[in-house]
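Those protein sequence lines, which keep their order, are chains A and B. Per our numbering, the first sequence starts with residue 141, numbered consecutively. Per our numbering, the second sequence starts with residue -18, numbered consecutively.
Hints are supplied without guarantee of correctness; some may be wrong.
Okay, the calculated bits of chain A under chain B, using three or more residues with CB under 8 Å as the criterion [unchecked claim]:
hint: 1; stretch: 171 to 180
hint: 2; stretch: 398 to 405
hint: 3; stretch: 496 to 510
Quick list of the computed label-pair ranges, beta carbon to beta carbon [as the list claims (entries may be wrong)]:
hint: 4; chain 1: B; residue 1: 137; chain 2: A; residue 2: 221; range: 16 to 22 Å
hint: 5; chain 1: B; residue 1: 137; chain 2: A; residue 2: 458; range: 58 to 64 Å
hint: 6; chain 1: B; residue 1: 136; chain 2: A; residue 2: 314; range: 54 to 60 Å
hint: 7; chain 1: A; residue 1: 280; chain 2: B; residue 2: 128; range: 51 to 57 Å
hint: 8; chain 1: A; residue 1: 334; chain 2: B; residue 2: -2; range: 56 to 62 Å
hint: 9; chain 1: B; residue 1: 84; chain 2: A; residue 2: 437; range: 31 to 37 Å
hint: 10; chain 1: A; residue 1: 413; chain 2: B; residue 2: -2; range: 49 to 55 Å
hint: 11; chain 1: B; residue 1: -2; chain 2: A; residue 2: 354; range: 45 to 51 Å
hint: 12; chain 1: B; residue 1: -2; chain 2: A; residue 2: 314; range: 52 to 58 Å
hint: 13; chain 1: B; residue 1: 33; chain 2: A; residue 2: 410; range: 33 to 39 Å
hint: 14; chain 1: A; residue 1: 458; chain 2: B; residue 2: 128; range: 55 to 61 Å
hint: 15; chain 1: B; residue 1: 116; chain 2: A; residue 2: 221; range: 23 to 29 Å
hint: 16; chain 1: A; residue 1: 433; chain 2: B; residue 2: 116; range: 41 to 47 Å
Computed list of lysine-lysine pairs in DSSO-like fashion (alpha-carbon distance at most 30 Å, straight line) [claimed, not checked]:
hint: 17; chain 1: A; residue 1: 389; chain 2: A; residue 2: 341
hint: 18; chain 1: A; residue 1: 389; chain 2: B; residue 2: 1
hint: 19; chain 1: A; residue 1: 305; chain 2: B; residue 2: 14
hint: 20; chain 1: B; residue 1: 1; chain 2: A; residue 2: 387
hint: 21; chain 1: A; residue 1: 305; chain 2: A; residue 2: 471
hint: 22; chain 1: B; residue 1: 1; chain 2: A; residue 2: 243
hint: 23; chain 1: A; residue 1: 407; chain 2: B; residue 2: 119
hint: 24; chain 1: A; residue 1: 305; chain 2: A; residue 2: 431
hint: 25; chain 1: A; residue 1: 421; chain 2: A; residue 2: 143
hint: 26; chain 1: A; residue 1: 397; chain 2: B; residue 2: 119
hint: 27; chain 1: B; residue 1: 64; chain 2: A; residue 2: 387
hint: 28; chain 1: A; residue 1: 397; chain 2: A; residue 2: 416
hint: 29; chain 1: A; residue 1: 407; chain 2: A; residue 2: 397
Just so you know, these hints were derived from the structure itself, not from any lab. Beta carbons: idealized from backbone N, C-alpha and C, even for Gly.
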Amino acid sequence: MYKYDDYDHRIIRDRVNQFQDQTNRYFAGELSEEEFLPLRLQNGLYVQRLAPMLRICIPYGMLSSTQLRRLAKVTRDYDKGYAHFTTRQNLQLNWPTVEDAPKILAELAEVEMHAVQTSGNCIRNTTTDQYAGVTQEELVDPRPYCEIIRQWSTFHPEFAFLPRKFKIAVNSCPDTDRAAIHVHDIGLQIITDESGKLGYKVLVGGGLGRTPMIGSVIREFLPEHDLLTYLEAILRVYNRYGRRDNKYKARIKILVKAMTPEGFAEKVEAEWEHLKDGPTKLTDVEIARIKSHFVDPDYQALDNQPSELATPLAENKYFSNWYHRNVVPHKKPGYAIVNLTLKKLGVPPGNVTDSQIEQLANLADEYSFGELRVTHEQNVVLGDVEQSRLFELWEKIKPLGFATPNLGTLTDIICCPGGDYCSLANAKSIPVAEALQAKFDDLDYVYDLGELDLNISGCMNACGHHHVGNIGVLGVDKKGEEWYQISVGGASGQDASIGQILGPSFAREQMPDVIEKILQVYVDKRNGEELFIDTFRRIGLTPFKERVYA
Amino acid sequence: MPSLILDGQIFEDQWVYLEKAEAADQQQVPEGKVVVPLATWLAQKDSLSSRADIGVWLDSDEEPEALADHISELALIAVNFPKFADGRGYSIARLIRERHSYQGELRAMGDVLLDQLFYMKRCGFNSFALRPDRSAEKALAGLTTFTEVYQAGTDQPLPLFRRRA
Ligand code: SF4
């Protein structure tokens, strides 16, 4: 993991002092509500329906056990003892006070954490694959590039007041994309060219929200060292020409569409000509320095499938279910990547208590070199577990509620905080997730359905990524009442697509039955082991429509 | 007189700012230190460019490229922030300094508050016409909020990664 040096510490400390001063001036009446707003947003502080909300940054999803323990303390001391993992690899506190926010940030700064630019019209936390650095599927570890982008984007003087928020994601797996780069403002795919040189394919203008769009490739190959100058060129074109008259048309995707991807690319290239050989061009020394923070831990020479794993796998069906669903192959023999699910029945997706956070810290220390990752699916990952200890780990996490073997299935629902917490919501989302988890509690049925993403957002802002769920649920407001619109056929990953709206929306009580009907169509029409998304792509929307609105 | 911060010191602002006119070519430009809108300057540059007390201001949707040929002759360029949250002026300032190599006074005008000054300075502004209800004394502190920065800027030509010891 990246370790701060004196420079990094100094910059984050200066920020805490600055925000303390701004908060003081706000309470002294020297800063108006409107002036304070972007300042607090860029420090992660929203004011929500019930209370302020603090969104803490987890850079590209990595956390150390020390940081987890501090998060548990902060959750206990300044909040009601629980926190919420978001779909953007951040952690939200739901009940801090505005007065306490600078103090919380000071405590976080001590463990190299912050809430910088987790909100507001600026460059947000750069996200990547939750299996970065440990999966066999990747070309190189993408995290050093994310850290390079983090430092460049932190307090970038030119881009603090963009037309709208701006999100960058990095993927390094050729065949799979857990970072969802096709639906980000900028998506970077790390690749090599014919000569084997490292670089990036650059996508721009993807996004969810009101106008969902898949990003366009504006450059097939950008050499490794040109990362920051090229980002700077893109951001400058966006900052100057992105729309500012209508916040629903202010994201870069609208600009790219208006200029056409080719036209946008031309502008960027022209700007980049002036920047590419400037001082912001990356150096070998810097790339090596950042990479040195992401070297492999002290792996032992181990074999795959040791008897400590093979025996319980053969003997214990429940363990074997969990293993097949929640454990992923690791790049090193004898190790495994383990998903701890935070989607237990009766608990809002992504919610964790302070003592659960401490348990996670202990598990990270005991099983995974003291590190842990958070995922877009609102789960957490232990990246480096010895296969011989998987059974022991499973027994330990079962009573903690982290072993629900539903990863990637229907009941592993992605869900935004919705109307229970969020002032922008049209409708509640958590009760829908809970009702669905209760309805589909038969694990054999859920397994049989196979991989299936069900995503719920409480409004058009799409924090629950409903557009790219195989089944998407969106809260809508109909004359002051909460209704739900369903879309089918969305997908994230390398073959991302936006779901199609099924038809008129439903009341909350109807939702479990409607989803059941959709699943029945799939089960009836599926060929063999075909996945939901493939069946949908084969048969289209009509059969689903006919059954649901029959 | 409203206050002005120039190169880290407080002054009274001696300049008069002309608003945009319907017919830029006919706008009356008085004697003395006057900052004229870009369109007026472009329309009247033959007569105005002989004066040493003329400045030009750009709005946030205007192109600094328009000044390119005469930029070095100008005593003052100002960039307007119609609202403090309109961030186009930051890019415009960098272009004026870095692309067009302007060495003279570059001033932020309009909705200029305290908490944006550090970023403005980093993008090349050395002069700030504060919104009249803001204290210039307090604003000075805003110019030194951070003691270190990651990126290259007009104030610091090398990014931190080229300076890390
Ligand atoms: S999708 Fe809407 S309701 Fe849900 S968290 Fe985002 S803004 Fe709030």
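Verification of the hints:
1. Given a C-beta distance limit of less than 8 Å, the hint that chain B covers the stretch 171 to 180 of chain A holds, as 4 residues qualify and 3 suffice.
2. Restraint check on the stretch 398 to 405 of chain A versus chain B: 0 residues with Cβ-Cβ distances below 8 Å, three needed, restraint violated.
3. Residues of the stretch 496 to 510 of chain A with a Cβ under 8 Å from some Cβ of chain B number 0, which does not satisfy the need for three, so the listed coverage is violated.
4. Evaluation of the 16 to 22 Å hint for residue 137 (chain B) and residue 221 (chain A) yields a failure: the beta carbon distance comes to about 44 Å.
5. Between residue 137 (chain B) and residue 458 (chain A), the C-beta spacing of about 59 Å keeps the proposed range 58 to 64 Å intact.
6. One distance hint, 54 to 60 Å for the beta-carbon pair residue 136 (chain B) and residue 314 (chain A), is violated here, with the actual separation near 42 Å.
7. Remark: the range hint 51 to 57 Å for residue 280 (chain A) to residue 128 (chain B) is contradicted by a beta-carbon distance near 34 Å.
8. At roughly 57 Å, the beta-carbon separation of residue 334 (chain A) and residue -2 (chain B) lies within the given 56 to 62 Å, and the hint holds.
9. Between residue 84 (chain B) and residue 437 (chain A), the C-beta spacing of about 52 Å breaks the proposed range 31 to 37 Å.
10. Checked against the given bound of 49 to 55 Å, the beta carbons of residue 413 (chain A) and residue -2 (chain B), roughly 35 Å apart, lie outside it.
11. The beta-carbon spacing between residue -2 (chain B) and residue 354 (chain A), approximately 46 Å, falls within the hinted interval of 45 to 51 Å.
12. A beta carbon spacing of about 57 Å between residue -2 (chain B) and residue 314 (chain A) agrees with the range 52 to 58 Å that was offered as a hint.
13. Taking the beta carbon of each, residue 33 (chain B) and residue 410 (chain A) are about 34 Å apart, inside 33 to 39 Å as hinted.
14. Roughly 56 Å separates the CB atoms of residue 458 (chain A) and residue 128 (chain B), a value that falls within the hinted 55 to 61 Å.
15. For residue 116 (chain B) paired with residue 221 (chain A), a C-beta distance near 42 Å fails the hint of 23 to 29 Å.
16. Evaluation of the 41 to 47 Å hint for residue 433 (chain A) and residue 116 (chain B) yields a pass: the beta carbon distance comes to about 43 Å.
17. This hinted pair checks out: residue 389 (chain A) and residue 341 (chain A) have alpha carbons roughly 26 Å apart, not beyond 30 Å.
18. A distance of roughly 28 Å separates the Cα atoms of residue 389 (chain A) and residue 1 (chain B); the hinted pair therefore holds under the 30 Å criterion.
19. Taken as a hint, the residue 305 (chain A) and residue 14 (chain B) pair is broken in the structure, with Cα atoms around 40 Å apart against an allowance of 30 Å.
20. Restraint check: the Cα-Cα separation between residue 1 (chain B) and residue 387 (chain A) comes to about 26 Å, which is no more than 30 Å; the hinted pair holds.
21. The straight-line distance between the Cα atoms of residue 305 (chain A) and residue 471 (chain A) is roughly 35 Å, outside the 30 Å bound, and the hint therefore fails.
22. Between residue 1 (chain B) and residue 243 (chain A) the CA atoms are separated by roughly 46 Å; this puts the pair beyond 30 Å, and the hint is violated.
23. At roughly 40 Å between alpha-carbon atoms, residue 407 (chain A) and residue 119 (chain B) are farther apart than 30 Å, so this suggested pair is violated.
24. Note on residue 305 (chain A) and residue 431 (chain A): the hinted pairing holds, with a Cα-Cα distance of about 28 Å set against a maximum of 30 Å.
25. Using a Cα cut-off of 30 Å, the hinted pair residue 421 (chain A) and residue 143 (chain A) holds, with the two alpha carbons roughly 23 Å apart.
26. With a C-alpha separation of about 43 Å, the suggested pairing of residue 397 (chain A) with residue 119 (chain B) is violated against the 30 Å cut-off.
27. Between residue 64 (chain B) and residue 387 (chain A) the CA atoms are separated by roughly 15 Å; this keeps the pair inside 30 Å, and the hint holds.
28. Under the criterion of a C-alpha separation no larger than 30 Å, the hint pairing residue 397 (chain A) with residue 416 (chain A) is consistent with the structure, at around 25 Å.
29. In summary, the hint linking residue 407 (chain A) to residue 397 (chain A) is supported, as the alpha carbons are separated by about 14 Å, within the 30 Å threshold.
Checked against the numbered hints listed earlier, the structure breaks hints 2, 3, 4, 6, 7, 9, 10, 15, 19, 21, 22, 23 and 26; every other hint is satisfied.
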